[in-house]
Amino acid sequence: MVIGIGGAGSKIAGKLDAQATIINVSETELAKVPQAGRRILAAVHAQHGQFRGSRKNPAIGHDAYLSVRRELQEIARGGTVFSSTGGGTGNGITTGLLQDLAARESIPEAEKTSFGLVLPYAPLEPAEFVRNTIEFLRGPLSQAIDSGNTGNIFLFSNRVKFESRLSEEAFNAMLVDSLRVFLAIPDKNDTLRLLDGHIDPEDFGLFLARPYFNHFTYFDYDPQTPFEKQLDDNINPLLLPPEAPIEAIFLVEVPEGGDPTVFYNVLQYFNDMNVAPVYSVVENPERTQPFITVALLYSRKPAELLADFNKRNEQHAQVKVRKSLEQYVDLPRLDVNLEREAKRAVKQRGSDEDILQVLKRLGKL
Amino acid sequence: MKELFEEQTANLSEAHFLILYWATQGEGRQAKYNITNCFDDLKHCGITRTKQTAVAAVEALCALRFVTLRGEGNRRNLYITRYGARALEALVLRQKFTPRPSAFLEGQ
Chain A
1 MVIGIGGAGS KIAGKLDAQA TIINVSETEL AKVPQAGRRI LAAVHAQHGQ
51 FRGSRKNPAI GHDAYLSVRR ELQEIARGGT VFSSTGGGTG NGITTGLLQD
101 LAARESIPEA EKTSFGLVLP YAPLEPAEFV RNTIEFLRGP LSQAIDSGNT
151 GNIFLFSNRV KFESRLSEEA FNAMLVDSLR VFLAIPDKND TLRLLDGHID
201 PEDFGLFLAR PYFNHFTYFD YDPQTPFEKQ LDDNINPLLL PPEAPIEAIF
251 LVEVPEGGDP TVFYNVLQYF NDMNVAPVYS VVENPERTQP FITVALLYSR
301 KPAELLADFN KRNEQHAQVK VRKSLEQYVD LPRLDVNLER EAKRAVKQRG
351 SDEDILQVLK RLGKL
Chain B
366 MKELFEEQTA NLSEAHFLIL YWATQGEGRQ AKYNITNCFD DLKHCGITRT
416 KQTAVAAVEA LCALRFVTLR GEGNRRNLYI TRYGARALEA LVLRQKFTPR
466 PSAFLEGQ
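Chains A and B, in that order, give the protein sequences. If you count the first sequence from 1, position 168 lands on 168 in our numbering, and the numbers rise without skipping. If you want our numbering, it's the position in the second sequence, counting the first as 1, plus 365.
These are calculated hints, taken from the structure and not from any lab test. Since this is a predicted model, take the numbers as computed values, not measurements. Built from N, CA and C at the ideal position, the CB exists for glycine as well. One or more hints might be untrue.
The calculated DSS-like cross-link candidates involving lysine-lysine, where the alpha carbons are at most 27 Å apart (straight line), are [stated by the list, open to error]:
| no. | chain 1 | residue 1 | chain 2 | residue 2 |
| --- | --- | --- | --- | --- |
| 1 | B | Lys-416 | A | Lys-343 |
| 2 | B | Lys-416 | A | Lys-360 |
| 3 | B | Lys-461 | B | Lys-367 |
Far from chain B, by Cβ distances over 12 Å, these chain A residues were calculated [said to hold, decoys possible]:
| no. | residue |
| --- | --- |
| 4 | Leu-41 |
| 5 | Arg-180 |
| 6 | Thr-225 |
| 7 | Glu-247 |
| 8 | Asn-271 |
| 9 | Glu-286 |
| 10 | Thr-288 |
| 11 | Gln-289 |
| 12 | Phe-291 |
| 13 | Leu-306 |
| 14 | Ile-355 |
| 15 | Gln-357 |
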């Protein structure tokens, strides 16, 4: 089951799966998504109908979570949830879901929920998005990772969208196409001629149920060039860059009659990193050269992730202060006598003034 | 010397502050404020439960010449000195402690 929460999450979920369930606090936002199997309006207290979003306020989203809590927990079981971390609805409702998952003692592998989280591009997106993301990474996401009760977490970044100046539609299409390449691994194992190894849907499901960050990528594989270099050159620009992997999965597609042993170099690379990957090699007649799809599971402490966002948040705050000073404040030069100011403050407070007066009256001051 | 005075004043505790405060209030109202009253008030404020602590605080203030103890009848009454006045002024201006009412003086 694919679930989209909030505006950004719903659009991605709808594009990935026409039968996706989408959730929002605004009817208008729900109607904006052209494809969706089911639309759920999460209830918030609104006097004139629910036509407004969360106004970048995660607290509104979190309140609304309570109205869909039971249902969302049920449909998210074993599914994939897409949401942005910057806005109000996605952040707030996903926060509720993550907190509930983290509070459970344990969750069977088959019932774990994967998360596709879209993080803002800090240099160009609103300060509220950055601040909401900081809260999200520091709080619920951190708890959920510690609990080990989630499946893979995909940290998508809006960087490419802003740097390449893409429309939202084009960026979402790019993101979904990219995800489809990764998700096609078990299907390709089923439909194409298997040359080595094997990844069946159960293996793939197990991999998706691991509670780590997932960085997947794919590229034409050149057996003559070291795999490490190729991987570095081809990290997925739609995702945050990976750390040293803990687990990995890869699928090599070779052309018809191609060398099925090219995967040993890849295996050696992971072996050198003490990672035993799940892999398979298939023959794909549509390919003219080997093609590899690889996913790395890594663990990065949210604190490290946060550092980038905190830095940007601080810059935002500094700029705001500077701008407000430039725009509104004409600072006169003040000669402050600290003793006089302290006496004035004491006088304003009232009772202490008396004691100084008493001392003066007694001739001791 | 000024530095020494500032150092001494900065290290006074809340009990010392209150004793200076109540001694001044007492003197201002021409009420005799003695060590026993001082102990009762500190106990009432929850600052100490033993008379030794109250006596130690008063003796420290005496040693610093911030208060003097005068035996009047069978009571030893507290009077703030000029140094004590300056120390209390400094503490009040610094707003380090909040004054509390003396149960003895309120009942006068």
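Taking the hints in turn, this is what the structure says about them:
1. Lys-416/B x Lys-343/A: The given pair, whose Cα atoms are some 34 Å apart, is violated under the 27 Å limit.
2. Lys-416/B x Lys-360/A: Roughly 31 Å between the alpha carbons, so the hint for Lys-416/B and Lys-360/A is violated.
3. Lys-461/B x Lys-367/B: 20 Å, holds
4. Leu-41: Consistent with the label, Leu-41/A stays out of reach of chain B, its closest Cβ about 53 Å off (over 12 Å).
5. Arg-180: Nearest chain B Cβ is 66 Å from Arg-180/A, so the label holds.
6. Thr-225: The claim stands: Thr-225/A keeps its Cβ more than 12 Å from every Cβ of chain B (closest is about 70 Å).
7. Glu-247: Since the minimum Cβ distance to chain B is about 58 Å, Glu-247/A lies beyond 12 Å and the statement holds.
8. Asn-271: At roughly 65 Å from the nearest Cβ of chain B, Asn-271/A sits farther out than 12 Å, so the non-interface label holds.
9. Glu-286: 80 Å, holds
10. Thr-288: 80 Å, holds
11. Gln-289: Correct as stated: the minimum Cβ-Cβ distance to chain B is 77 Å, above 12 Å.
12. Phe-291: Per Cβ check, Phe-291/A is outside 12 Å of chain B; nearest 73 Å; holds.
13. Leu-306: Its Cβ never comes within 12 Å of chain B, the nearest being 37 Å, so this holds.
14. Ile-355: Given that some Cβ of chain B is not farther than 12 Å from that of Ile-355/A, nearest at about 6 Å, it is violated.
15. Gln-357: For Gln-357/A, whose nearest Cβ neighbour in chain B is about 9 Å away, the distance does not exceed 12 Å, so it is violated.
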